[in-house]
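What follows is each chain in one-letter form.
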Amino acid sequence: MDLNRLRQDSEFAWRIPVQAPMTVPGVLYGDREQVLQMDDKVYEQLRNVTMLPGLVGPVYAMPDAHWGYGFPIGGVAAFDADAGGVVSAGGVGFDISCGVRLLHTGLQAADIKEAKSALADSLYANIPVGVGSEGSISLDPATMRDMLEGGARWAVDQGYGSADDLERTEERGCISGANPGAVSERARKRQRREMGTLGSGNHYLEVQRVAEIFDGPIASDYGLETDSLVISIHCGSRGLGHQIGTDYLREMLLAAGDFGLTLPDRELACAPIRSDLGQRYLGAMRAGMNCALANRQIITHLTRAVFREYFPQAELTLLYDVSHNICKVETHVVDGVARELYVHRKGATRAFGPGNPDLDESLRDAGQPVLIGGSMGTGSYVLAGTTESEDRALSSACHGAGRAMSRRKARREYGGRQVVDELAQRGIVIRSPSLRGVAEEAPLAYKDVNRVVDNADRAGLARKVARLEPVVCIKG
Amino acid sequence: MRRRSWEHFEHDADIGLRATAPSREGLFEAMAEALTALVADPEDVRPVESVSIRCEAPDDALLLTDWLNALIYEMATRRMLFGDWRVSIDGHILDAVARGEAVDRARHRPVVEVKGATYTALSVDRDSAGTWHGQCIVDV
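If you read the sequences in order, they're chains A and G. Going by our numbering, the first residue of the first sequence is number 1431, and it counts up by one from there. Going by our numbering, the first residue of the second sequence is number 1007, and it counts up by one from there.
For the record, the hints were derived by calculation from the structure and aren't laboratory data. Any given hint could turn out to be false.
[Unchecked claim] Keeping only pairs whose Cα atoms sit at most 25 Å apart, straight-line, the calculated SDA-like set for lysine to any residue is:
(1) Lys1619/A to Leu1068/G
(2) Lys1839/A to Ala1127/G
(3) Lys1839/A to Arg1115/G
(4) Lys1471/A to Arg1111/G
(5) Lys1619/A to Val1057/G
(6) Lys1839/A to Asp1050/G
(7) Lys1839/A to Gly1022/G
(8) Lys1471/A to Glu1016/G
(9) Lys1471/A to Ser1129/G
(10) Lys1471/A to Gly1022/G
(11) Lys1619/A to Glu1062/G
(12) Lys1839/A to His1014/G
(13) Lys1619/A to Arg1111/G
(14) Lys1619/A to Ser1058/G
(15) Lys1839/A to Glu1062/G
(16) Lys1619/A to Val1103/G
(17) Lys1619/A to Leu1044/G
(18) Lys1839/A to Ser1129/G
(19) Lys1839/A to Ala1043/G
(20) Lys1619/A to Glu1107/G
(21) Lys1619/A to Arg1084/G
(22) Lys1619/A to Arg1060/G
[Said to hold, decoys possible] With the C-beta cut set under 7 Å, the calculated list includes, among others, these residues of chain G facing chain A:
(23) Glu1016
(24) Pro1053
(25) Val1054
(26) Glu1080
(27) Arg1084
(28) Ala1112
(29) Pro1116
(30) Val1117
(31) Val1118
(32) Glu1119
(33) Lys1121
(34) Tyr1125
(35) His1139
(36) Ile1143
(37) Asp1145
(38) Val1146
Keep in mind the model is a prediction, meaning the values are calculated, not measured. Idealized CB from N, CA, C, for every residue including glycine.
Go ahead and model the full structure; you've got the sequences and the hints to work with.
Okay, structure coming up:
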């Protein structure tokens, strides 16, 4: 990215000044080197978003920002419905409510040394993953409606987990305002055999070792200790969310002219929040979020069943579950005034700081756990929301490492077998239906997650708490 | 006249499909082949089952995304891969028969499922020599 087009606000914040037809500035977070390495498309896409109506405050790009479609991945934008603000299907994307859930195991790394390979085989055998896999749960129309309205609460009511899980899930497992009636028959059909499936691409289930603690008191609050084992689940709303995105992107694109909207990029398809289309999309998208929450809850249940076979004493409790592709109504103080905003986070994680009333009481001192997925080889992070993140980026942080290399290039550079063997030498067991898929997800195809997280921390978006290293990776 | 061809092009997060063909119908068939090639080798897909697809859109570019999204939907709900396509287009109405088979995880070794076709960097054009060019970024 050409830094001459940016104004440097601080060591870790760079501004795209307002120039017509922009209505608000863009702000990119990262150090000089990181922003320099970002694709010019990030600049272009962030600038495009600043032209949408009803924006409040700057549009932000997180330190892992990269070229997406419509919004950059790592983009955050907030709209005020009373100021003509819009909701954008392109600003949420196809993978509605994709997110990360982290589970404690109560086990130490040494405990699974002997069983590691067999545990990996069992997880791979029992958790549907990859193209063509199917879940064992089939939803009839009435059950589908209940799931779309109830989210993880519905899943718990069906016996997939316990009420304690909900206390540590965003929205306590169920977002209100879901409208199953706004979800097309095609979307429902696409989901019918996909409950409790991981999917493919960058989705995964990992057993991870807590490799390093950066903030002892918060780690203690979160129950994280060096060498303890946790489980990370990264997936979303599966076919239902993908089809909701497809349906509404098209409808919003075709209706843009009727609303008098000029779209700088067709993928920014959107509709006024105060319109029938905007409301229908919000209702469908929230149903998609509930689907994602139910999906991660069911996968949790399947994971617990596998662990019980090997470690009957292990109790898999939730640290947290948070989404990173979503539009949510949140109250933020802007210029001293509390305003209800529709915050789009596309490849960005909500990061509420200490004291936020939306957090469970047990998390109000430490702040919200911010779960950052890395690549198979480089590890993941737990961060904590900070108070200052509210002013910096509407309480948002990065969501992952971000790709440094396209899938095609990764495939040319690495062999899947080579990646599996190299990781095995480092004690990381991979199970995947596709070696080509493993090659496309090779660790070096991603940016340095350490640097992304360091910059999120130094920019004040979230505080580093712990680094996690993969031990077993089930990859789609 | 040149035969149809396709390629995948670079995109940071996802992947681009690009194709060239002597006819609009050929272009849409080539883009469908590029879509399958994201998941598995199209040569490995046997044309044992047929699925009819109809799309209508206001312009060629949207017709292309509708076509790709219709294929993505059929692949997802039928758990199928397609390896042969016969497309006819009248104005901006597409009628097609896609032929393929159920995903065989051992034989096809499917790599990734496709979530949807996007409108980013989307184009369908005909050059002065009459050759059709198209491209689309898909989310995987």
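The hints, checked one at a time:
Distance restraint check for lysine 1619/A and leucine 1068/G: the Cα-Cα separation of roughly 23 Å lies within the 25 Å cut-off, and the hinted pair is therefore satisfied. A distance of roughly 19 Å separates the Cα atoms of lysine 1839/A and alanine 1127/G; the hinted pair therefore holds under the 25 Å criterion. Among the hinted pairs, lysine 1839/A with arginine 1115/G is consistent with the structure: their alpha-carbon atoms are about 20 Å apart, no more than 25 Å. Of the pairs offered as hints, the one joining lysine 1471/A and arginine 1111/G is violated, with about 36 Å between alpha carbons and a cut-off of 25 Å exceeded.
Proposed proximity of lysine 1619/A and valine 1057/G is supported: the alpha carbons are some 16 Å apart, at most 25 Å. Note on lysine 1839/A and aspartate 1050/G: the hinted pairing holds, with a Cα-Cα distance of about 23 Å set against a maximum of 25 Å. As the CA atoms of lysine 1839/A and glycine 1022/G are separated by approximately 12 Å, the hinted pair is consistent with the 25 Å bound. At most 25 Å may separate the alpha-carbon atoms for a hinted pair to count; lysine 1471/A and glutamate 1016/G meet this at roughly 13 Å.
Taken as a hint, the lysine 1471/A and serine 1129/G pair is honoured in the structure, with Cα atoms around 17 Å apart against an allowance of 25 Å. At roughly 15 Å between alpha-carbon atoms, lysine 1471/A and glycine 1022/G fall within 25 Å of each other, so this suggested pair holds. Of the pairs offered as hints, the one joining lysine 1619/A and glutamate 1062/G holds, with about 21 Å between alpha carbons and a cut-off of 25 Å not exceeded. Restraint check: the Cα-Cα separation between lysine 1839/A and histidine 1014/G comes to about 10 Å, which is no more than 25 Å; the hinted pair holds.
For the proposed pair lysine 1619/A and arginine 1111/G, the alpha carbon gap of about 22 Å is at most 25 Å, so the pair holds. Only pairs whose Cα atoms come within 25 Å are accepted, and lysine 1619/A paired with serine 1058/G is accepted, the gap being roughly 17 Å. A C-alpha spacing of about 35 Å is found between lysine 1839/A and glutamate 1062/G, which places the hinted pair above 25 Å, so the restraint is violated. Restraint check: the Cα-Cα separation between lysine 1619/A and valine 1103/G comes to about 21 Å, which is no more than 25 Å; the hinted pair holds.
Distance restraint check for lysine 1619/A and leucine 1044/G: the Cα-Cα separation of roughly 23 Å lies within the 25 Å cut-off, and the hinted pair is therefore satisfied. With a CA separation close to 23 Å, the supplied pair lysine 1839/A and serine 1129/G stays within the 25 Å bound. Between lysine 1839/A and alanine 1043/G the alpha-carbon distance is near 15 Å, which keeps this suggested pair within the 25 Å criterion. For the hint linking lysine 1619/A to glutamate 1107/G, the alpha-carbon distance of about 19 Å falls within 25 Å, and the restraint holds.
Taking the CA atoms of lysine 1619/A and arginine 1084/G, the gap is about 10 Å. The hint holds against a cut of 25 Å. The suggested pairing of lysine 1619/A with arginine 1060/G holds, with an alpha-carbon distance near 18 Å, which does not exceed 25 Å. Nearest Cβ of chain A to the Cβ of glutamate 1016/G: about 4 Å, under the 7 Å cut. The hint holds. A least Cβ separation of about 18 Å between proline 1053/G and chain A goes past the 7 Å threshold, and the interface hint is therefore violated.
Nearest Cβ of chain A to the Cβ of valine 1054/G: about 16 Å, over the 7 Å cut. The hint is violated. With a least beta-carbon distance of about 10 Å to chain A, the hint placing glutamate 1080/G at the interface is violated under the 7 Å criterion. A hinted interface residue such as arginine 1084/G counts as satisfied when its beta carbon comes closer than 7 Å to some beta carbon of chain A; here the least separation is about 10 Å, so the hint is violated. A least Cβ separation of about 9 Å between alanine 1112/G and chain A goes past the 7 Å threshold, and the interface hint is therefore violated.
For proline 1116/G, the shortest C-beta to C-beta distance to chain A is roughly 3 Å, which falls under 7 Å, so the interface hint holds. Nearest Cβ of chain A to the Cβ of valine 1117/G: about 5 Å, under the 7 Å cut. The hint holds. At its closest, the beta carbon of valine 1118/G sits 5 Å from a beta carbon of chain A; the interface hint therefore holds under the 7 Å criterion. Interface hint status for glutamate 1119/G: upheld, as the beta-carbon distance to the closest one in chain A is roughly 5 Å, under 7 Å.
Residue-level restraint check for lysine 1121/G holds (minimum Cβ-Cβ distance to chain A is 4 Å; threshold 7 Å). This hint holds: tyrosine 1125/G has a C-beta 4 Å from the nearest C-beta of chain A, less than the 7 Å allowed. The beta carbon of histidine 1139/G comes no nearer than 18 Å to any beta carbon in chain A, farther than 7 Å, and the hint placing it at the interface is violated. With 7 Å as the threshold, the beta carbon of isoleucine 1143/G comes within range of chain A, its nearest partner Cβ sitting at about 6 Å, so the hint holds.
Because the beta carbon of aspartate 1145/G sits about 5 Å from the nearest beta carbon in chain A, less than 7 Å, this interface hint is met. A cut of 7 Å between beta carbons decides the hint on valine 1146/G: the least distance to chain A is about 5 Å, and the hint holds.
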